[in-house]
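Visitor: As given, the protein sequences belong to chains A and B, one line each in that order.
Residue 0 is where the first sequence starts when you use numbering that gives the first Met the number 0, and the numbers rise one by one after that.
Residue 0 is where the second sequence starts when you use numbering that gives the first Met the number 0, and the numbers rise one by one after that.
Keep in mind that the hints were calculated from the coordinates and are not lab data.
All C-beta atoms, glycine included, are put in the ideal place defined by N, C-alpha and C.
Among the hints, erroneous ones may be present.
Claimed, not checked - Taking lysine-lysine and the DSBU-like style, the derived pairs with C-alpha atoms no more than 30 Å apart in a straight line are:
1. K110(A) <-> K26(B)
2. K101(B) <-> K110(A)
3. K14(B) <-> K14(A)
4. K183(B) <-> K26(B)
5. K183(B) <-> K14(A)
6. K204(B) <-> K56(A)
7. K154(B) <-> K56(A)
8. K44(A) <-> K183(B)
9. K26(B) <-> K100(A)
10. K44(B) <-> K44(A)
11. K130(B) <-> K14(A)
12. K130(A) <-> K44(B)
13. K155(A) <-> K316(A)
14. K312(B) <-> K130(A)
15. K288(B) <-> K56(A)
16. K130(A) <-> K204(B)
17. K100(A) <-> K56(B)
18. K14(B) <-> K100(A)
19. K100(A) <-> K130(B)
20. K44(B) <-> K56(A)
21. K14(B) <-> K101(A)
22. K101(A) <-> K56(B)
23. K183(B) <-> K101(A)
24. K288(B) <-> K130(A)
25. K178(B) <-> K44(A)
26. K204(A) <-> K44(B)
27. K101(B) <-> K26(A)
Claimed, not checked - Not close to chain A: a few residues of chain B, all C-beta gaps over 10 Å, as computed:
28. E238
29. P273
30. K288
Protein chains: 2
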Amino acid sequence: MDNGNIFLAHGAGGKLQAELIHNFILKYFGNPVLNLLEDSAVIEKSIAFTTDSYVVKPIFFPGGDIGKLAVSGTVNDLLCSGATPRYLSLSLIIEEGFSFKKLDTILRSAKCEAGGAGVDIVCGDIKVVGKGELDEIFINTSGVGIINGEALSIKKIAPGDRVIVTGSIGDHGISILLKREGLKFGTSLISDCASLTGLAESILKPAYEVHYFRDPTRGGLGGVLAEIANSTGLGIEIEEEKLPIKEDVRGASELLGIDPLYSANEGRFVVFVPEDHSQEVLNVIREDKFGREAEIIGEVGETNPSTCVLLTKIGGKRIIDLPRGELLPRIC
Amino acid sequence: MDNGNIFLAHGAGGKLQAELIHNFILKYFGNPVLNLLEDSAVIEKSIAFTTDSYVVKPIFFPGGDIGKLAVSGTVNDLLCSGATPRYLSLSLIIEEGFSFKKLDTILRSAKCEAGGAGVDIVCGDIKVVGKGELDEIFINTSGVGIINGEALSIKKIAPGDRVIVTGSIGDHGISILLKREGLKFGTSLISDCASLTGLAESILKPAYEVHYFRDPTRGGLGGVLAEIANSTGLGIEIEEEKLPIKEDVRGASELLGIDPLYSANEGRFVVFVPEDHSQEVLNVIREDKFGREAEIIGEVGETNPSTCVLLTKIGGKRIIDLPRGELLPRIC
Numbered sequence: 000m001d002n003g004n005i006f007l008a009h010g011a012g013g014k015l016q017a018e019l020i021h022n023f024i025l026k027y028f029g030n031p032v033l034n035l036l037e038d039s040a041v042i043e044k045s046i047a048f049t050t051d052s053y054v055v056k057p058i059f060f061p062g063g064d065i066g067k068l069a070v071s072g073t074v075n076d077l078l079c080s081g082a083t084p085r086y087l088s089l090s091l092i093i094e095e096g097f098s099f100k101k102l103d104t105i106l107r108s109a110k111c112e113a114g115g116a117g118v119d120i121v122c123g124d125i126k127v128v129g130k131g132e133l134d135e136i137f138i139n140t141s142g143v144g145i146i147n148g149e150a151l152s153i154k155k156i157a158p159g160d161r162v163i164v165t166g167s168i169g170d171h172g173i174s175i176l177l178k179r180e181g182l183k184f185g186t187s188l189i190s191d192c193a194s195l196t197g198l199a200e201s202i203l204k205p206a207y208e209v210h211y212f213r214d215p216t217r218g219g220l221g222g223v224l225a226e227i228a229n230s231t232g233l234g235i236e237i238e239e240e241k242l243p244i245k246e247d248v249r250g251a252s253e254l255l256g257i258d259p260l261y262s263a264n265e266g267r268f269v270v271f272v273p274e275d276h277s278q279e280v281l282n283v284i285r286e287d288k289f290g291r292e293a294e295i296i297g298e299v300g301e302t303n304p305s306t307c308v309l310l311t312k313i314g315g316k317r318i319i320d321l322p323r324g325e326l327l328p329r330i331c
Numbered sequence: 000m001d002n003g004n005i006f007l008a009h010g011a012g013g014k015l016q017a018e019l020i021h022n023f024i025l026k027y028f029g030n031p032v033l034n035l036l037e038d039s040a041v042i043e044k045s046i047a048f049t050t051d052s053y054v055v056k057p058i059f060f061p062g063g064d065i066g067k068l069a070v071s072g073t074v075n076d077l078l079c080s081g082a083t084p085r086y087l088s089l090s091l092i093i094e095e096g097f098s099f100k101k102l103d104t105i106l107r108s109a110k111c112e113a114g115g116a117g118v119d120i121v122c123g124d125i126k127v128v129g130k131g132e133l134d135e136i137f138i139n140t141s142g143v144g145i146i147n148g149e150a151l152s153i154k155k156i157a158p159g160d161r162v163i164v165t166g167s168i169g170d171h172g173i174s175i176l177l178k179r180e181g182l183k184f185g186t187s188l189i190s191d192c193a194s195l196t197g198l199a200e201s202i203l204k205p206a207y208e209v210h211y212f213r214d215p216t217r218g219g220l221g222g223v224l225a226e227i228a229n230s231t232g233l234g235i236e237i238e239e240e241k242l243p244i245k246e247d248v249r250g251a252s253e254l255l256g257i258d259p260l261y262s263a264n265e266g267r268f269v270v271f272v273p274e275d276h277s278q279e280v281l282n283v284i285r286e287d288k289f290g291r292e293a294e295i296i297g298e299v300g301e302t303n304p305s306t307c308v309l310l311t312k313i314g315g316k317r318i319i320d321l322p323r324g325e326l327l328p329r330i331c
């Protein structure tokens, strides 16, 4: 690998990225916190720390823009470790000649999202690079959150857990792609991009015993479930007919040959909860404005260890593996 | 301004960047922590949090590379708030086609620097963008440090304080420029890029009463002193003949028409310390391997409020203002 070059797929959240992380990042920086490869690192016992760079193209898309995404994406990563998001950094890398008008729109949108999510931007950085040295604007947000109870951990997932997805899948990925390619199809579709602070708070009550949740961004729901099955050693079975997929997403996906299961979401969680609390948690999620389309889509078992299996509508079984290539570069 | 465009100078750490920060960033995100515009934000009373994106060009330069710089720059920002640097995030944005060999060199160098500085990389992100959408590789590191004693604050700077610079100035900026332009002049010059953890620890003893220190990166020593004078309302007087400037830097600066006072440093601090401890602190700094060329270069007073003045070798006075334009884009 050392003599090769980086492909787009190395940034796609799939197999190649996993290889890159293992062969380079963990080789050099491996430590007990980083090795967990969770959405946030837990440091000093009760502090969650996370980072993400946003390179989405186009920077303005139906349902949001790079500013809103940069805030909500990092907020959601903090939430996934069971933390209350509190502080964000905001680092802008801007191409010379970028308009102040666009910058203003992006920052206003980031401010609005930060306000809604209850986080303060406390530090930042601005770099400007020459024309042609960067495509418009990239934003990095890192986040710090406070863990009050116990940190959520992938290790808590247990056989019998029900798998809930908090809303329809693929909306973000497909709407970005339609916008980028200038396709008129599915024009009512908007990205699901949103900070899920309220939703997370509502399900994190001790009584519900939520074991784990994760935001299925790059690699989509399929990618995240494959990764979880792989790292827990458990089997995950989901049912195709229970997957909430909007008609526009289904149609566009078929037309473009893209599987919505691997398409990025930016305002969804996949939640693991013990069976006896699953219906109650589903109801609570559905009361949140970002959770109305939530569904129980499957369960965790011990057959098919380390594997995620999709039960298709026609009664077949399909292994849901990590995505191999890059479906949609610059999706977030 | 809203109808204009971003210039390179908006990223140069000077007047235009200050305007951009005030008119856009503080307008939207202003809060008591961010408004201080310190190198690190102090959150939860004893935690320092900082971020920086690195876009240096060329990515390999005499004395370092973008990996070393991304670690040391963020470590130094944490040190400047009086914190012990502990945790770093590492977010890579890579151009498709970038070689694994270069990536490996950069990461190895980041690892080496992190080890020396006593920080762990605990979280990260990798994005890959298409060929031509980014020039090679940009790195964001955010950092978290623990403040054990009192946080250093610009407010502690007082009249009578001596100003110490911990080493020769302009080495980083000039060596990057010589390398970028392929100039053969001053080929023995290397960047001062380094994590100053040891140096900071050695002067942060309560007995020394160090009031404040800052790393004079973008905008150089002149830019930082102008900014400090401006935000404290105090006057700062420095003496030209006491400024440690290497012969190669002096020569290259004259040749290129660049003032080393405004040229970026990546392994230097400018330290403010009460007069009665200044000689002792200078001696301690000189014992550190990165502090051998330290000098007391001036003092803080109440004449010339909000202004930094340079006493020239020929007995004149020159006002050191914030840099106006962009001397050296992509210097860090």
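Visitor: For each hint, tell me whether it holds in the structure or not.
Guide: Quick rundown of the hints versus the structure:
This hinted pair checks out: K110(A) and K26(B) have alpha carbons roughly 10 Å apart, not beyond 30 Å. Our distance criterion of 30 Å between C-alpha atoms is broken by K101(B) and K110(A), whose separation comes to about 37 Å. At roughly 46 Å between alpha-carbon atoms, K14(B) and K14(A) are farther apart than 30 Å, so this suggested pair is violated. Taken as a hint, the K183(B) and K26(B) pair is broken in the structure, with Cα atoms around 46 Å apart against an allowance of 30 Å.
Only pairs whose Cα atoms come within 30 Å are accepted, and K183(B) paired with K14(A) is rejected, the gap being roughly 44 Å. Between K204(B) and K56(A), the direct Cα distance comes to roughly 50 Å. Violation of the 30 Å bound is thereby established for this hinted pair. Distance hint between K154(B) and K56(A) is unfulfilled; the C-alpha atoms sit about 43 Å from each other, more than 30 Å. The suggested pairing of K44(A) with K183(B) is violated, with an alpha-carbon distance near 52 Å, which exceeds 30 Å.
Proximity of K26(B) to K100(A) is assessed by CA-CA distance (about 14 Å); at most 30 Å being required, the pair is judged to hold. Straight-line distance between C-alpha atoms of K44(B) and K44(A) comes to about 16 Å, which keeps the hinted pair within the 30 Å bound. A C-alpha spacing of about 21 Å is found between K130(B) and K14(A), which places the hinted pair at or below 30 Å, so the restraint holds. Only pairs whose Cα atoms come within 30 Å are accepted, and K130(A) paired with K44(B) is rejected, the gap being roughly 41 Å.
As the CA atoms of K155(A) and K316(A) are separated by approximately 26 Å, the hinted pair is consistent with the 30 Å bound. A distance of roughly 40 Å separates the Cα atoms of K312(B) and K130(A); the hinted pair therefore is violated under the 30 Å criterion. With a CA separation close to 46 Å, the supplied pair K288(B) and K56(A) exceeds the 30 Å bound. Distance check on the hinted pair: K130(A) and K204(B) sit about 47 Å apart at the alpha-carbon level, beyond 30 Å; violated.
Under the criterion of a C-alpha separation no larger than 30 Å, the hint pairing K100(A) with K56(B) is consistent with the structure, at around 28 Å. For the hint pairing K14(B) with K100(A), the CA-to-CA distance comes to about 20 Å; that is within 30 Å, so the pair holds. For the hint pairing K100(A) with K130(B), the CA-to-CA distance comes to about 27 Å; that is within 30 Å, so the pair holds. A hinted pair counts as satisfied when its Cα atoms are at most 30 Å apart, and K44(B) with K56(A) does not qualify at roughly 38 Å.
Proposed proximity of K14(B) and K101(A) is supported: the alpha carbons are some 21 Å apart, at most 30 Å. Between the alpha carbons of K101(A) and K56(B) the distance comes to roughly 26 Å, so the proposed pair stays at or under 30 Å and holds. Proximity of K183(B) to K101(A) is assessed by CA-CA distance (about 42 Å); at most 30 Å being required, the pair is judged violated. About 39 Å separates the Cα atoms of K288(B) and K130(A), which puts this hinted pair outside 30 Å; it is violated.
Taken as a hint, the K178(B) and K44(A) pair is broken in the structure, with Cα atoms around 44 Å apart against an allowance of 30 Å. Taking the CA atoms of K204(A) and K44(B), the gap is about 28 Å. The hint holds against a cut of 30 Å. For the hint pairing K101(B) with K26(A), the CA-to-CA distance comes to about 15 Å; that is within 30 Å, so the pair holds. Remark: the non-interface label on E238(B) is consistent with the geometry, its nearest Cβ contact in chain A lying 32 Å away (cut-off 10 Å).
Against the 10 Å criterion, P273(B) stays outside the reach of chain A, whose nearest CB is about 28 Å from its own CB. Consistency note on K288(B): stated as away from chain A, and its beta-carbon is indeed over 10 Å from all of that chain's, at 24 Å minimum.
Checked against the numbered hints above, the structure violates hints 2, 3, 4, 5, 6, 7, 8, 12, 14, 15, 16, 20, 23, 24, 25; every other hint is satisfied.
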